[in-house]
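*Asks:* Working from the sequences, and respecting the hints, build out all of it.
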Amino acid sequence: MRENLRMPNNHESVRRSDAPAAWVLALGMVLMLVAFASCAVLSWSHIQEAPVVGCGGGVELGGSAAQVAGSGCDRAKDSVWSALPVVGWPTAHIGMAWFAAMAQCWTIGRGRLVGPARWLGLLGGLGSLFLIGVMVVEGYLCRWCAFAHGANLAFLALALLKGGRKGPQIPAVMLGMTLTFAGVTSVLLLAELLLSPTVEDVVPASEFKIRPEANTTPPNGPDTAGSSPLIRSAPLQGRWRLGPEDAAIRLVMFTDPQCPDCKRVHGELEAILEGRDDISVEVKFFLFCKDCNERAAQQNLNLHPNACWGATVAELAGEYGGPEAFHRMLGWLFSVDGKFTSAAALRPGFAKAGVTEYATDIVRAISTGTLPPDKKKLFEADAREGVDLGLYYTPMAFLNGQEVKDVLRPGALRRAVDAISATGPGKGTSANDFPSTALGRLVSDWQEGPRPNLGPDLACLRFGPETAKPVVVIGDMAEDGFRRDVPRLLEAADAGRIQLEVRLLPTNQAVNPASGFPQLDRWAWGGQATIRIGQLRQDGDMDGAKKLFRDLLMASQPMTVLQGFVQSRPDLLGRPESSVLDEVANTHRQWSALRRFNVRGLPVLILNTRLAARTQIKMSDNSSADALSEILKMIDQ
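For the sequence shown, position 382 (counting from the first letter as 1) is numbered 382 according to this note's numbering, and the numbering increases by one without interruption.
Derived by calculation from the structure, the hints in this document are not laboratory data.
Please note that the accuracy of each hint is not assured.
Unchecked claim - The calculated lysine-lysine pairs, modelled on PhoX-like cross-linking and capped at a C-alpha distance of 25 Å, are: (1) 375 with 290; (2) 469 with 546; (3) 618 with 633; (4) 339 with 376; (5) 352 with 290; (6) 377 with 290; (7) 618 with 377.
As the list claims (entries may be wrong) - Quick list of the computed label-pair ranges, beta carbon to beta carbon: (8) 351 with 592: 47 to 57 Å; (9) 576 with 33: 49 to 59 Å; (10) 136 with 488: 38 to 48 Å; (11) 470 with 372: 20 to 30 Å.
Ideal Cβ placement from N, Cα and C applies to all residues, glycine included.
*Replies:* Structure follows, in structure tokens:
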């Protein structure tokens, strides 16, 4: 009887001999999961257009709930490397799709990177090394980026050192990678389309209000009675007008040649100008460089160290070649991220601007080691004007005197141009455009602000009649901004104008372990004050709790007042404090939920149901624009 002889299968032999240990396959999958999840956190931040969670930093105290220094993750998200040029597709989205595809390859290959996948893995490793280098050079740490790149490099090392090299399934592997990459990308595209917030998400269309429209006559002109603090009395005019003098659509842009967002918006503007002849463009500079921006120098902020020099080159090109030369040079500066280190590096820019014959003069002007005095003075004046308009990021764009909302969002400038064009505006010049002041901008931000749903808080203190307009404050009563704003709100509540609801959130980690705020000694008493007020309230002594709150808020020496109270109520000492601490933890969760509205600091003010992200801004003369008083007047109406 003949036995059936089974011929050896070379492919199966290769799989058996080259198959890595099971732990190699498992570890590789874990590393890819870490990289995928890290990118997912960053991708969600892009989709929701919110700060990156879990990255620390970026908190601010002192009356500006949304004004932040920015964590390393937020800086990475705002970097020029955070998205593909032109299309603007986030790098984090690419990372998610990439790591999912590599995990698929690893699974099908049973712990191997086979064929082209091996070279693709090496390419991904080089990409991680490059982006790590970007963080090092630009001086920030993005935790989620570091997790993703670290896991990717560890995976690559594992694949090269312990993974198998041969496998029969190269077509299947490549097909799986391609389908996975395309599938994840499609899901992310749908998420961008369906989940990205719009203005209508937080402000119903029926309530939507634009910023105060530009007046065609100045507020203190003969046709107006008095001047409005919300509208500037002087028109907004830029330099180097490109386009007709009497344009129907007039754009004035504050920009910075080293600003990544300015570069992207400049590209959008160039595309818009190609299809229209009814737009005029004028430019001013707001440069995040200590050499020509007094506010940046005061804050020791030098984000764009070559910006003043790049702007000088553009201005000189304009002086020698006119407006077109200025704009061509500015466009070239954006193409090199505003960076140049020698006269030779400027030659392509001179050629593009058509000012090569003046190159020697321009180079001589910037080769003395100091900025030309007239340019320094010009840029400092631009920066002061920007500050007084409420500028705290670039670019800042104005169409016919109205600020372009969400100009940082891709396509926002074109949508704004189309919206104004649809109204059939008449021709005019920027000399007739009067924008909002910084104060007007803060008020408009509140008018357009979201309506957060905080839910009830049984631990709050309420002042004023129940029928009055509601105002909610979340904050630490020891913190400067709280002590500045709440007395005025309490006065309005006592006058029956508002109902004030105070939710105490101490920054002291001894009372609020989740606090990521600075631990300043002079604010430490706020935690103990919260506990004592909470104990009185839980005992049913609401009047006593409110009296202690008022006494501490109004005292010039609140620590002394608190110590005196504790001495008068020794029965409160030694009592369990866990129930009050639980209330603090609940208030902290409420505050954390506001992060989706870019709230990062304290105090948080919700005035007549709308979030007031910023109520104070320092003007160029170091005075403060105080929006709270103006908003309270509007609430009264």
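*Asks:* Each hint should be assessed against the structure and marked as holding or not.
*Replies:* Consistency of the hints with the structure:
no. : hint                     : verdict
1   : 375 with 290             : 14 Å, holds
2   : 469 with 546             : 20 Å, holds
3   : 618 with 633             : 21 Å, holds
4   : 339 with 376             : 18 Å, holds
5   : 352 with 290             : 28 Å, violated
6   : 377 with 290             : 13 Å, holds
7   : 618 with 377             : 21 Å, holds
8   : 351 with 592: 47 to 57 Å : 53 Å, holds
9   : 576 with 33: 49 to 59 Å  : 42 Å, violated
10  : 136 with 488: 38 to 48 Å : 46 Å, holds
11  : 470 with 372: 20 to 30 Å : 55 Å, violated
Consistency with the previously given hints fails for numbers 5, 9, 11, ordered from lowest to highest.
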